[in-house]
Amino acid sequence: MSPIALLGRIWLVLILIFLYAPILVMAAMSFNASPFYQLPFEYSSKWYSDMAGNEQIVTAAIRSVLIACAVTAIATAVGTAASVALFRYEFRGKRLLQALLFPPIAIPWLITGTAMLVFFFTIGIGRGTPAVIIGHVALALPYVIVTVTARLSSFDVTLEEAARSMGAGAWTVLRRVTLPWIAPGIVAGALFAFAVSFDQFVVSYFLSKPGDSTLPVLIYTAIRKGFTPEINAISTIIIAVSMAVMFLAARYSKFGGDR
Amino acid sequence: MAEVIHAQDRRRLLTLLGPAYLWLTLAVFLPLSAMLFFSFLSDMPGDAPDWGVTLGNYTQFLENPTYATLLWKSLKLGVTVTLFCIVIGYPCALVLAKSIKGRAREALFLMVILPFWSNSLVRIFSWAIVLRGNGVLERTLNWILPFDIRLNLMFTTEAVVIGLVHSYLPYVILTSYLALQAIDDDLIDAARSMGASKLTILNRLLLPLSLPGLLAGAVLVFVPVVGSFMEPRILGGRMGTYYGTVIEDQFVAVYNWPLGAALSFILLAVVLVILGAASPVLRRART
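The listed protein sequences correspond, in order, to chains P and B. If you read the first sequence in my numbering, its first letter stands for residue 1, the second for the next number, and so on. If you read the second sequence in my numbering, its first letter stands for residue 1, the second for the next number, and so on.
Hints were generated in silico from the structure; no laboratory data involved. Each residue gets a CB set at the ideal place from its N, CA and C atoms; glycine is no exception. Treat the hints with care, since some could be wrong.
[To be verified] In silico negatives: residues of chain B with every beta carbon more than 10 angstroms from chain P:
#, residue
1, Thr66
2, Lys73
3, Ala128
4, Ile183
5, Asp184
6, Ile188
7, Arg238
[As the list claims (entries may be wrong)] Using 25 angstroms as the maximum straight-line C-alpha spacing, the simulated SDA-like pairs for lysine to any residue come out as follows:
#, chain 1, residue 1, chain 2, residue 2
8, B, Lys101, P, Phe18
9, P, Lys94, B, Arg11
10, P, Lys209, B, Gln250
11, P, Lys94, B, Trp23
12, B, Lys73, B, Leu22
13, B, Lys73, P, Lys94
14, P, Lys46, B, Lys73
Using the sequences and the accompanying hints, generate a full structural model.
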């Protein structure tokens, strides 16, 4: 191996350490008995049992998961329908519609979130779980549409034509030919949508009611009040869940892979 | 394709597209319009019966130098974080795309991208544990180094930069990697066979061809960093007052929504100007 290639690999390892070390430290500290993160390390699962007994954390966790599930269901259904239309039909204004998917991704969440707060307050939806769901779906939709469209672009339209020529109706074609092909794209899109909602902090922060908050909002409030290892414990669980979800999404969508 | 769209097709198109774009309109485009309207109000309509239309919120930005100073501070933070992400991330993408092959590459790429999709708040929090005085970083350094050092990075600008670089680094790696991977290896072989050195190949071939990807990554880092408020709050403490935290305050602490809306739109305008300046290069990236 040439010296440059060796140097490159060392660089890569250093970056991986940079990316993972703080997460691993946090995970390790959630098993440390000392509430002030004192070393030497002494194993204890105290913080996890404390966390499980903390009603606020448990309620917020359940709420976060339920919101993420609702967002996933809505965004996947609505987004898949839009992807099929964008792929199947040529029409005027199509490029504009595709361009409109980018503002929700590109505009800083601080601006989107505060704008949603202002608008929902004005029209009477106010703050709370419905507002959070509406906001999350809007953020997740572009990800679903982009993922499903990417999968569709490898779809052979002649398959549909063949099915139709053999007498299948539009609905049958969609259900028996198109949907099975794009299923992996839909699964990846759904996982993205779940991750967007479950990890979303900024928009939830502006849209959730005090005392009725999602898990990340609760954690933010707790950190600012001065944190305890209980927060480590729940944070460790969150990161494990979201990494597992994204690992699955990556397996399904194979983005950036060789194939 | 210049197909004539039949009435039936049009109905189907509307059924399929309608929900998604109605949703985006209700949850993104109308709110942005509402906020633009709010930014011209003198008072919150609910609070004061005599609210009117005014430019006052925008002139406040011009009259009170604090806002401009903080916007400048946030822009500088954006530039610093973006530069660090490029300097650290581009070589990493280069190694991944051109030096490592096969399954190892796929696995390593996934490992680099994975943290980026995990909760950003939790990752910032994890730095708070590492950086605090007498924390893990200080102890580790003292254990490695022969001399004792005092190192408490918590609540400093450095802490904010470290946390933000950690948050956004994968963006630059992802976009640069995709651009570099698209470069045909035959081109590199051709250059090498004609006697080009590694440095020449990098400067004259890889860097220009992957520049659009690198720039796309830079924009994806810069824009959210300029609008960040959670990271400076947690890692910056009293040093962590930025433009984003001032906007946050208007909405959750001071309840001056019209001013917050105006400050948000000034930020949006600055961001759009920067995106506009970068768009010619970005457009090349897509083709």
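We went through each hint and held it up to the structure:
1. For Thr66 (chain B), the shortest C-beta to C-beta distance to chain P comes to about 18 angstroms, beyond the 10 angstroms cut-off, and the non-interface label holds.
2. Every CB of chain P is more than 10 angstroms from the CB of Lys73 (chain B) (nearest about 16 angstroms), matching its label as outside the interface.
3. Non-interface status of Ala128 (chain B) relative to chain P is broken: a Cβ of that chain comes within 10 angstroms, the nearest being about 7 angstroms off.
4. Against chain P, the non-interface label of Ile183 (chain B) holds: every CB pair exceeds 10 angstroms, the least being about 14 angstroms.
5. With a least CB separation of 14 angstroms from chain P, Asp184 (chain B) remains clear of the 10 angstroms interface cut-off, as annotated.
6. Under the 10 angstroms C-beta cut-off, the non-interface status given to Ile188 (chain B) relative to chain P holds; the minimum distance is some 14 angstroms.
7. Residue placement check: Arg238 (chain B) keeps its beta carbon more than 10 angstroms from all beta carbons of chain P (closest about 13 angstroms).
8. The suggested pairing of Lys101 (chain B) with Phe18 (chain P) holds, with an alpha-carbon distance near 23 angstroms, which does not exceed 25 angstroms.
9. Proximity of Lys94 (chain P) to Arg11 (chain B) is assessed by CA-CA distance (about 16 angstroms); at most 25 angstroms being required, the pair is judged to hold.
10. At most 25 angstroms may separate the alpha-carbon atoms for a hinted pair to count; Lys209 (chain P) and Gln250 (chain B) meet this at roughly 17 angstroms.
11. Proximity of Lys94 (chain P) to Trp23 (chain B) is assessed by CA-CA distance (about 17 angstroms); at most 25 angstroms being required, the pair is judged to hold.
12. In summary, the hint linking Lys73 (chain B) to Leu22 (chain B) is not supported, as the alpha carbons are separated by about 38 angstroms, beyond the 25 angstroms threshold.
13. Of the pairs offered as hints, the one joining Lys73 (chain B) and Lys94 (chain P) is violated, with about 40 angstroms between alpha carbons and a cut-off of 25 angstroms exceeded.
14. Between the alpha carbons of Lys46 (chain P) and Lys73 (chain B) the distance comes to roughly 42 angstroms, so the proposed pair goes past 25 angstroms and is violated.
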